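K.L.:
Using the hints provided, position chain P relative to the given structure of chain V.
Protein chains in written order, with this note's numbering: chain V, 16 to 231; chain P, 4 to 101.
No lab work stands behind these hints: they were computed from the structure.
Nothing here was measured: the structure is a model prediction, and the numbers come from that model.
Idealized CB from N, CA, C, for every residue including glycine.
Among the clues, some could well be false.
[Said to hold, decoys possible] Residues of chain V clear of chain P, computed beta-carbon distances all greater than 10 Å:
(1) V33
(2) G40
(3) M70
(4) A97
(5) I134
(6) G135
(7) L143
(8) N150
(9) V167
(10) M191
(11) I198
(12) A208
(13) S211
(14) Q214
[Stated by the list, open to error] DSSO-like cross-link-like pairs, simulated, lysine-lysine; straight-line CA separation at most 27 Å:
(15) V/K51 / P/K66
(16) V/K44 / P/K98
(17) V/K45 / P/K96
(18) P/K96 / V/K51
(19) V/K44 / P/K95
(20) P/K54 / P/K66
(21) V/K45 / P/K95
(22) P/K96 / P/K7
(23) V/K51 / V/K215
(24) V/K44 / P/K96
(25) P/K7 / V/K215
(26) V/K45 / P/K98
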Amino acid sequence: MHIPDGFLTANTWAPAWVISTGTIGYCLKKTAGLLKDRMVPLMGIMSAFIFAAQMINFPVIGGTSGHLLGAVLAAVLLGPYAGAVVLTCVLIFQCLIFQDGGLLALGTNIFNMAIIGTIGGYVIFNVLHKIFGNNKGFIIGAAVASWFSVVVAASFCALELAFSGTSPLLIVLPAMAGIHALIGIGEALITVAVLSFIQKVRPDLIYGFAGESNKA
Amino acid sequence: MNRKDIVMGLIIAVIVAFFLSPLASSWPDGLEKVAHDHGFIVKGEQSSIFKSPIPDYIFPGLKNKKMATAISGLLGTLVIFGIGYGLASLLKKNKDCR
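Bound conformation, chain P alone:
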């Protein structure tokens, strides 16, 4: 993969995360729906043992919820790209050293 391929791939991911995420369906997902229908959804609502910085992909401090989702998607996509790329580079380096 050359630089152009990497930029192209990343642009596609960013478009999905930034422009499509505010349009996503807000209906419950399969597990939430089943949990709701069969009465165990409450079990998941109380017991969070830690607080995430950006719960539910809503970037804090923004009034516009759709924009808050889009910003979370954009930042998340760039950071996870760095994590995936970084981890792969480390694994590769590890291989080349041996």
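Just chain V, same shape as in the assembly:
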């Protein structure tokens, strides 16, 4: 759902730039304060993995494809602030080098995917993780949160398109939410698979997993 230039008018992309710049600035500050040594290379690895995984479009339905967003994956592994920073790096890189998402629309794309997807997704993960307890809650939380991260980011995208007068809200919102409800299933499957793998081999790397083997 990388919005290209031309879909949004200035009354949408300009305020989105302001909100995203401020929020990511705050996330950088919070990340600097929370950063542990082991997280430094992990931020590089996660940037690389999310960039790579976003290239892999999987077929969904009716001639439509989707790819991993990775917002909840990054947030659970690195925490919401560093997760948002990693997603933002990936989005800027994709926009500038690969023309994936517009330059004017970059602030909006950062808002939808790196801020709403990551921080919103982390809030959902955290609540479910607490309700269902450690292992079960970890998987349920990651699955549900990653599904919501995609659907909610797509719904914000629809709101922005409607606000720009590109497409009427009553048409674009159900269309975007509907197709991303299916893409979100792929998101949940991949997120849970990757997190389960890391939980098995290196649980100490996971920020959002308060297991007994979670060392500093």
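P.N.:
Showing chain P alone in chain V's frame:
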């Protein structure tokens, strides 16, 4: 994370970017599909205000499109690893100085 973990993680990312990216579905993504179905896809096609060096992940100058995608994936993965790692190192240094 020790050196072995970092290399392992990077190898996984590179395998995904290099070997899987040429196999990715070329169907439109969710937003493109909605834009196409509801007639606003044309709005995104004209107004690019700048030119990226590697548009659509097709590395320029290569005849084989699948190879061009794989090379873009490989190079992109290594560069974004450096950016993520570098930014995190800077933030860490900043913290330690204070």
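K.L.:
Is the hinted pair V/K45 and P/K98 satisfied, with a Cα-Cα distance of at most 27 Å?
P.N.:
Measuring from Cα to Cα gives roughly 10 Å; hence the hint holds.
K.L.:
Would you check whether the claim that V/N150 is not at the interface survives, using Cβ distances to chain P and the 10 Å cut-off?
P.N.:
The claim stands: V/N150 keeps its Cβ more than 10 Å from every Cβ of chain P (closest is about 23 Å).
K.L.:
Report holds if the minimum CB distance from V/A208 to chain P is greater than 10 Å, and violated otherwise.
P.N.:
12 Å, holds
K.L.:
Between the alpha carbons of V/K45 and P/K96, is the straight-line distance 27 Å or under?
P.N.:
14 Å, holds
K.L.:
Would the pair V/K51 and V/K215 pass a check requiring their Cα atoms to be no farther apart than 27 Å?
P.N.:
Holds: V/K51 and V/K215 sit about 21 Å apart, inside 27 Å.
K.L.:
Confirm or reject: V/V167 is not an interface residue toward chain P, with every Cβ-Cβ distance exceeding 10 Å.
P.N.:
13 Å, holds
K.L.:
Is the nearest CB of chain P more than 10 Å from the CB of V/M191?
P.N.:
Nearest chain P Cβ is 6 Å from V/M191, so the label is violated.
K.L.:
Would you check the hint for P/K96 and P/K7, treating anything up to 27 Å between C-alpha atoms as holding?
P.N.:
Status holds; Cα separation ~23 Å.
K.L.:
Beyond 10 Å from every Cβ of chain P: is that where the Cβ of V/V33 lies?
P.N.:
19 Å, holds
K.L.:
P/K96 and V/K51: Cα distance at most 27 Å?
P.N.:
Given that 27 Å is the threshold and the Cα spacing comes to 11 Å, the pair holds.
K.L.:
Assess, step by step, whether the Cα of V/K44 is no farther than 27 Å from the Cα of P/K95, and give holds or violated.
P.N.:
This hinted pair holds, its Cα atoms lying about 11 Å apart.
K.L.:
Under the criterion that the straight-line Cα-Cα distance not exceed 27 Å, is the pair V/K44, P/K96 satisfied?
P.N.:
Roughly 13 Å between the alpha carbons, so the hint for V/K44 and P/K96 holds.
When held up to the earlier numbered hints, the structure conflicts with 3, 4, 10, 11 and 15 and fits the remainder.
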